[in-house]
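A.B. asks: For reference, the chains in residue letters:
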Amino acid sequence: MTQMPLAKALNESLRKALENDPKVVIMGEDVGRLGGVFRITDGLHKDFGEDRVIDTPLAESGIVGTAIGLALRGYRPVVEIQFDGFVFPAYDQIVTQLAKMHARSLGKVKLPVVVRIPYGGGIGAVEHHSESPEALFAHVAGLKIVSPSNANDAYWMLQQAIECDDPVIVFEPKRRYWDKGEVDVSAVPGDLHKAVVAKPGTDLTLAAYGPMVKVCLEAAAAAANEGRSLEVLDLRSMSPIDFDTIQASAERTGRLVVVHEAPVFYGAGAEIAARITERSFYHLEAPVLRVGGFHAPYPPARLEEEYLPGLDRVLDAVDRALAF
Amino acid sequence: MSVKSTAARRTTRGGAKRRGGEPGLVQLLTPEGERVEHPEYSIDLTAEELRGLYRDMVLTRRFDGEAITLQRQGELGLWASLLGQEAAQIGSGRATRPEDYVFPTYREHGVAWTRDVDPLNLLGMFRGVNNGGWDPNENHFHLYTIVIGSQTLHATGYAMGVAKDGADSAVIAYFGDGASSQGDVAEAFTFAAVYNAPVVFFCQNNQWAISEPTEKQSRVPIYQRAAGFGFPGVRVDGNDVLAVLAVTRAALEHARSGQGPMLVEAFTYRMGAHTTTDDPTRYRADEEREEWASKDPIQRLRTYLEKEGLADEAFYAEVEAESDALAKRVRDGVRNMPNPEPMAIFENVYADGHALVDEERAQFAAYQASFEDAAAPGKGH
Ligand SMILES: Cc1ncc(C[n+]2csc(CCOP(=O)(O)OP(=O)(O)O)c2C)c(N)n1
Ligand SMILES: [Mg+2]
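Chains A and B supply the protein sequences, listed in that same order.
Numbering-wise (our numbering), the first sequence opens with residue 11 and increments by one.
Numbering-wise (our numbering), the second sequence opens with residue 8 and increments by one.
Simulated from the structure, these hints should not be mistaken for lab results.
Cβ atoms here follow ideal geometry from the backbone N, Cα and C, with glycine treated the same way.
Any given hint might turn out to be false.
Stated by the list, open to error - One side of the interface only, derived from the structure: several residues of chain A facing chain B at Cβ under 10 Å:
(1) PHE58
(2) THR66
(3) PHE98
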């Protein structure tokens with residue numbers, strides 16, 4: 011076990027993947043000498059060379075499109091999109107090509123491409139640097155989507171994504187990059203798409219992923235002071251979603267609140283609320299509530315504290331759910 | 008007073024020789040502050056106009072430096088410095104006419120200055136109180152665009168409209184060497200060429216796209232790309248304000264007069280970090296920066312002004328005083344810039360309104376009010 015920041019865990023994970031499989035290549039803007047704007051690829055260019063850690067031209071459609079070509083040729087490209095808001099020039103390649111080629115080839119073609127996207131707000135950035143577009147991708151069949159919330163998951167989930175024969179988008183919680191956690195490099199990892207109980211509880215279930223898991227754990231701690239026992243689920247995977255684990259927890263506690271930074275309208279919470287209502291209608295004491303972003307563009311930095319779901323907004327939803 | 012006669016005499020010396028080293032680079036003022044002539048591009052400025060360019064560049068640099076300081080002090084979230092690119096921006100900006108339309112990236116603070124955009128507007132965005140917020144139509148200066156390359160298409164479309172209207176104006180789209188790789192930029196070139204749109208593509212090749220040198224973007228000099236799309240391209244010394252002004256004027260006139268698009272590559276250098284969060288020591292050598300420092304755009308014009316006796320001490324002192332005043336205005340303005348009201352989140356999402364926004368606005372207002380109620384003494388629920 012070693013303590014390291016989430017960003018370092020991703021870095022170690024990429025290093026391991028490059029060591030393990032000569033077909034793994036890293037591509038993206040500034041991933042070479044600079045080591046990426048968040049230093050996730052720090053040192054890899056130096057140690058593995060520019061054939062494997064590739065500074066690309068500034069063109070996201072080109073990055074993902076050529077990654078698809080490399081995958082067709084037997085490589086396992088891991089591409090970095092510099093920030094959430096800059097994935098859209100590549101949206102066509104991801105949605106129209108990357109997601110569908112396996113099906114179009116009747117299973118003959120596999121595209122083991124990993125797209126890493128630092129996402130979410132809370133770092134005081136300018137426009138397009140704080141968005142949570144995961145639902146825009148989760149809506150597309152053919153893509154798998156995961157988001158680690160802590161260093162250990164970052165380390166393992168990225169490697170599992172790289173080993174996966176399907177395209178996987180790894181949404182990295184950028185505001186947690188600097189958060190330290192224990193990484194167990196020897197433990198056999200669990201299923202990439204399985205949700206875990208981050209904190210057990212009995213009165214209500216909070217389900218979250220990525221950056222919001224920490225907020226939910228804090229909310230659970232605050233609620234505990236008022237004698238309320240909240241269970242926190244770390245969903246880890248947005249596509250597929252581990253509905254079984256959510257169902258089991260929701261039926262145990264009778265109440266479910268889903269929390270994400272992304273807008274609630276058409277968001278992951280909507281999908282979870284619908285499925286759990288279908289599965290567990292008679293076990294629920296309250297409607298499934300959602301806490302998330304508004305139907306508005308991500309606001310300028312000086313408003314993000316109001317915009318982002320924080321402790322108070324989560325606890326407000328907890329109160330409302332418990333009041334039913 | 009015209010300085011052309013003196014300039015013309017001086018130029019024939021060094022000009023051709025110097026150009027020999029950099030084929031195709033249009034230069035009218037050498038790094039040593041010597042006026043040279045170019046067979047295709049000439050300029051004839053009064054001493055007052057020359058002093059004006061100098062003043063613009065000094066004030067822009069000062070404003071930029073002040074913004075960096077404000078960022079360091081936590082007043083701004085981020086700043087993208089234009090240090091080193093003053094001539095490219097002032098020269099091209101001053102080439103535009105009021106009725107022309109400018110589409111900037113996020114670094115065109117000098118161009119904004121020439122369009123009379125209040126510097127505080129630019130700072131609002133980097134402070135994080137808005138995402139731009141100025142009225143693009145007021146100064147014909149569009150909002151900053153952070154997503155690389157997008158604005159080149161908007162500029163092209165705007166220019167297509169200008170052409171449809173038969174208006175006597177042109178459009179200028181700014182972009183960087185890195186941006187030249189974006190599909191949007193290639194598509195803008197295609198549309199502009201096919202529709203003969205009156206747009207000037209103005210590429211500031213500052214040699215770097217964050218940590219990537221221009222070689223990572225292109226195997227040919229960027230200005231040569233235009234040929235493949237069927238319109239002219241020219242490379243100008245981007246640290247030579249006179250050459251930039253002359254070339255951009257000609258390019259805008261080319262567009263205005265119905266001859267279609269043109270690409271100008273201003274060869275310059277990003278003297279600072281990419282932004283205040285960047286650390287260029289990780290990827291580039293000090294020597295490179297030092298070499299470019301000797302080509303400084305402001306110093307070379309000053310040398311020329313001094314050599315030719317086109318400005319006196321009083322002028323320089325006045326510009327210095329003006330810089331101080333600008334810096335103070337910017338400092339005070341930023342520090343006193345209020346944070347937006349939380350409810351602003353829900354404003355201007357749609358022009359015609361949207362039921363869900365109204366619902367969420369009301370819910371959020373009630374949520375906010377619940378804290379006030381809780382805080383108010385003797386007024387619990
Ligand atoms: C579509 C997109 N991808 C990535 C980025 C992140 N990014 C911001 S500036 C920049 C480099 C731009 O280089 P260049 O076009 O040369 O302009 P410069 O910053 O040098 O003025 C990058 C990659 C972005 N803003 N937009
Ligand atoms: Mg550049």
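A.B. asks: Honestly, which of those hints from before does the structure not fit?
C.D. replies: 1
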